[in-house]
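Undergrad: Work out the full structure: start from the sequences and follow the hints.
Sequence order for the protein chains is A and B. Going by the working numbering, the letters in the first sequence line up with residues 1 to 439, in that order. Going by the working numbering, the letters in the second sequence line up with residues 440 to 728, in that order.
Hints should not be assumed to be uniformly reliable.
No more than 25 Å apart at the CA atoms, straight line, and that leaves these computed lysine to any residue pairs for SDA-like [as the list claims (entries may be wrong)]:
hint	chain 1	residue 1	chain 2	residue 2
1	A	Lys126	B	Leu638
2	A	Lys166	B	Val719
3	A	Lys126	B	Val619
4	A	Lys107	B	Trp555
5	A	Lys166	B	Thr633
6	A	Lys166	B	Val486
7	A	Lys126	B	Thr633
Here are the simulated distance ranges between beta carbons [said to hold, decoys possible]:
hint	chain 1	residue 1	chain 2	residue 2	range
8	B	Arg564	A	Glu63	31 to 37 Å
9	B	Met704	A	Lys166	41 to 47 Å
10	A	Glu130	B	Val562	28 to 34 Å
11	B	Arg721	A	Gly195	17 to 23 Å
12	B	Leu697	A	Glu171	58 to 64 Å
13	B	Ser563	A	Glu130	28 to 34 Å
14	B	Pro634	A	Gly243	29 to 35 Å
15	B	Asp715	A	Arg300	47 to 53 Å
16	B	Ser563	A	Arg134	32 to 38 Å
17	A	Arg134	B	Arg617	29 to 35 Å
18	A	Lys166	B	Leu572	29 to 35 Å
19	B	Thr633	A	Leu242	24 to 30 Å
It is worth saying that the hints were derived from the structure and are not from the lab. Glycine included, every Cβ here is placed at the ideal spot set by N, Cα and C.
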Amino acid sequence: MTAPSTTAPAAGATTGAAAGGPTPGTAEAAPRPALSVRDVYKVFGPRPEEAVRRLRDGATRDEIKHLGTAAVIGATFDVAPGEIFVVMGLSGSGKSTLIRMLNGLWKPTAGEVLLHGADLATADAKHMRELRRRNVSMVFQHFALLPHRTVLDNAAYPLEIQGVPKAERREKARTALELVGLGGWEDSLPSQLSGGMRQRVGLARALAADTDVLLMDEAFSALDPLIRREMQEQLLELQQTLGKTIVFITHDLNEAMYLGDRIAVMRDGRTVQIGTAEQILSDPANDYVAQFVADVDRTRVLTASSVMVRPAAVVPGTGGPRQASRTMRDAQVSAAYVVDRQRRLQGHVRDEDAVAALRDGKETLDGLVRDDLTAVSPDTPLAEIFAPAAESPLPVPVTDAEGRLVGVVPRVTLLTAMVPPEQHADDGAAPAPAEGGAR
Amino acid sequence: MTDALVPRIPLGTWIEAFVTWVRTTFKPLFDVVKDVLGAVYDGLDTVLATPPFWVVAILLAVLALLAKGWKLALGSLVGFVVIAGVDQWGAAMDTLALVLVASCIALAVAVPLGVWAARDDRVSRAVRPVLDLMQTMPAFVYLIPVVLIFLTGPVPGIIATIVFALPPGVRFTELGIRQVDAEVVEAGQAFGATPARILRQVQLPLAMPTIMAGVNQVIMLSLSMVVMAGLVGAGGLGQQVLGALGRIDIALGFEAGLSVVVLAMYLDRVTSALADRAPVARALAAARS
Ligand SMILES: Nc1ncnc2c1ncn2[C@@H]1O[C@H](COP(=O)(O)OP(=O)(O)OP(=O)(O)O)[C@@H](O)[C@H]1O
Ligand SMILES: [Mg+2]
Numbered sequence: 001m002t003a004p005s006t007t008a009p010a011a012g013a014t015t016g017a018a019a020g021g022p023t024p025g026t027a028e029a030a031p032r033p034a035l036s037v038r039d040v041y042k043v044f045g046p047r048p049e050e051a052v053r054r055l056r057d058g059a060t061r062d063e064i065k066h067l068g069t070a071a072v073i074g075a076t077f078d079v080a081p082g083e084i085f086v087v088m089g090l091s092g093s094g095k096s097t098l099i100r101m102l103n104g105l106w107k108p109t110a111g112e113v114l115l116h117g118a119d120l121a122t123a124d125a126k127h128m129r130e131l132r133r134r135n136v137s138m139v140f141q142h143f144a145l146l147p148h149r150t151v152l153d154n155a156a157y158p159l160e161i162q163g164v165p166k167a168e169r170r171e172k173a174r175t176a177l178e179l180v181g182l183g184g185w186e187d188s189l190p191s192q193l194s195g196g197m198r199q200r201v202g203l204a205r206a207l208a209a210d211t212d213v214l215l216m217d218e219a220f221s222a223l224d225p226l227i228r229r230e231m232q233e234q235l236l237e238l239q240q241t242l243g244k245t246i247v248f249i250t251h252d253l254n255e256a257m258y259l260g261d262r263i264a265v266m267r268d269g270r271t272v273q274i275g276t277a278e279q280i281l282s283d284p285a286n287d288y289v290a291q292f293v294a295d296v297d298r299t300r301v302l303t304a305s306s307v308m309v310r311p312a313a314v315v316p317g318t319g320g321p322r323q324a325s326r327t328m329r330d331a332q333v334s335a336a337y338v339v340d341r342q343r344r345l346q347g348h349v350r351d352e353d354a355v356a357a358l359r360d361g362k363e364t365l366d367g368l369v370r371d372d373l374t375a376v377s378p379d380t381p382l383a384e385i386f387a388p389a390a391e392s393p394l395p396v397p398v399t400d401a402e403g404r405l406v407g408v409v410p411r412v413t414l415l416t417a418m419v420p421p422e423q424h425a426d427d428g429a430a431p432a433p434a435e436g437g438a439r
Numbered sequence: 440m441t442d443a444l445v446p447r448i449p450l451g452t453w454i455e456a457f458v459t460w461v462r463t464t465f466k467p468l469f470d471v472v473k474d475v476l477g478a479v480y481d482g483l484d485t486v487l488a489t490p491p492f493w494v495v496a497i498l499l500a501v502l503a504l505l506a507k508g509w510k511l512a513l514g515s516l517v518g519f520v521v522i523a524g525v526d527q528w529g530a531a532m533d534t535l536a537l538v539l540v541a542s543c544i545a546l547a548v549a550v551p552l553g554v555w556a557a558r559d560d561r562v563s564r565a566v567r568p569v570l571d572l573m574q575t576m577p578a579f580v581y582l583i584p585v586v587l588i589f590l591t592g593p594v595p596g597i598i599a600t601i602v603f604a605l606p607p608g609v610r611f612t613e614l615g616i617r618q619v620d621a622e623v624v625e626a627g628q629a630f631g632a633t634p635a636r637i638l639r640q641v642q643l644p645l646a647m648p649t650i651m652a653g654v655n656q657v658i659m660l661s662l663s664m665v666v667m668a669g670l671v672g673a674g675g676l677g678q679q680v681l682g683a684l685g686r687i688d689i690a691l692g693f694e695a696g697l698s699v700v701v702l703a704m705y706l707d708r709v710t711s712a713l714a715d716r717a718p719v720a721r722a723l724a725a726a727r728s
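TA: Here it is in structure tokens:
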């Protein structure tokens, strides 16, 4: 049995970029990052600079406690335009501190933050205000609404600051409120809303600002599961249609995995791993991350492409029953996938049919190919492969957009993939097939 | 006997010399202050004390009605009738004019100072001991130089009242602004608001309930200075009380004292009602209903 592959097939890759690398889909162009965080430290306390020096020399967070609280330690990452970058970590790990440095609300003790190439540390107050009005908006962990303003005026606040005329900004704010499902609540005061609704006002406010970068600090934490899922889907849609760059903080692992193009895991101020959901799941950097991801719903995160293996037996539709039966005998299987010249999946042929045809002296597979297989795409989450796997006589075939067979998902692989990696480490590191199809 | 150990420090003489120096050097300035304050006080006093009693009483009651409701209005009216009934109306209006002028000036200084102190820790640290001094120094002590400079009449009364009543205005304003949820201020910053806009649209509105409590305190403290003001010849109810004291006139003392209490209750209730009408306070009240 081959170990789950983390290598996506050449076509249709949506994940799998190297940690720290640019977003998938923009790999070649490598545009200027929307946000660039370079060795950033934030220490609260009496002697922050000295604390940073000691930390750089390898001191631990506890050793410099008397100098201050190190909230963020040596954070370095880029966020590409159009990427959703998720920051995850336990309470107090420094997430909110980090995100506040991304729009300059707090100055780093050391290191630099570049927003669209502009160094926030050297930007003067006016330039900073420009950047915040045009480029970056924020959803606050505790909502931070103006209690004496109506929901509508709260949502319109960034536009008011931008100097948008009243009628226009109210129209835009209304649209944003509709988007978060708060149509009809425009004239209420924040204190009259539930926590989840207030959070959505904060969301609408950030959306109304219509900036290209969105910083979201636990923006969905107060929402009930149904609305939460709806908001997550909308966020993805927004990001896909409008190309927003999003930094999203969350406690919720499943949310992180669902939203994040890449995920940074923070612990006690340090970023312990940055990678795609699949990388973090299948190759955790250390025990901490492994434990962290142990209870994630892996079937929603892992996709067919990450667990599929090379099909054991594939025969060309143009070949005869002799070739088919020999292939099956060599592979010790009782059925083979049938593909055409372009490796498009035609169906499968069973061993007894091939042998019977051989006995009857038939030269072709005509009439023997059964097309009762349900194929899935490389992006299909494992959760959606269980049903086809249960019905399928063969491992579930994975086909790309052109219908070419790129791999298969055996039922046992499906089941193994649900177990966190450290529990089946004895699988060995069998090399994953670079390409799904056998010849 | 301390004369052997510690030589006599002529602190008092120094201060006296200093006051004299200030008095002579800044005489033109003090004259202007005196004229302006005197004119403002006279103007307000004329407005309050010249019309017939019932006109002013009804106007003040209407104010209470607008601020709070008919109960307060009615109660105020009854209180005013009592004041007029014990023949203290004129003195009460003199006192009211003095309290209003002193409070307004104290607030005009205190609120900006409080805002500044809230934004700058150094200012806060510098201002705090001065406020402590102003509040704890016995009023008689600064009354002496004030009288020296401004002689007698309402103006020194107003000045002394300002000195005594100003500190809570600064403290409450600073406290109110500092208490504003940091994240809401950050929200303003995060969307690119200027500091002035944040002050105007976020900090002041959110601090308003606390600032209004400070306003209330300033007015109450001003009123508590009436007797002291009477001492320097400011007239009004304070003078009545002092007169009663001098003649051991229990009846007059009680009547003047009762008038002070009525004024105090009126001013307290009206300013509290105004505090409840601040947008933030109203928003919170709306949530509770
Ligand atoms: N203004 C501050 N002054 C001093 N210490 C601070 C300040 N803000 C944060 N800290 C400290 O920095 C650390 C990280 O805090 P931060 O708020 O960034 O955590 P977080 O990951 O956002 O946590 P949560 O998930 O609870 O929101 C904590 O130890 C906190 O006590
Ligand atoms: Mg936080």
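Undergrad: Under the constraints set out in the numbered hints, which ones does this structure not fulfil?
TA: 6, 18
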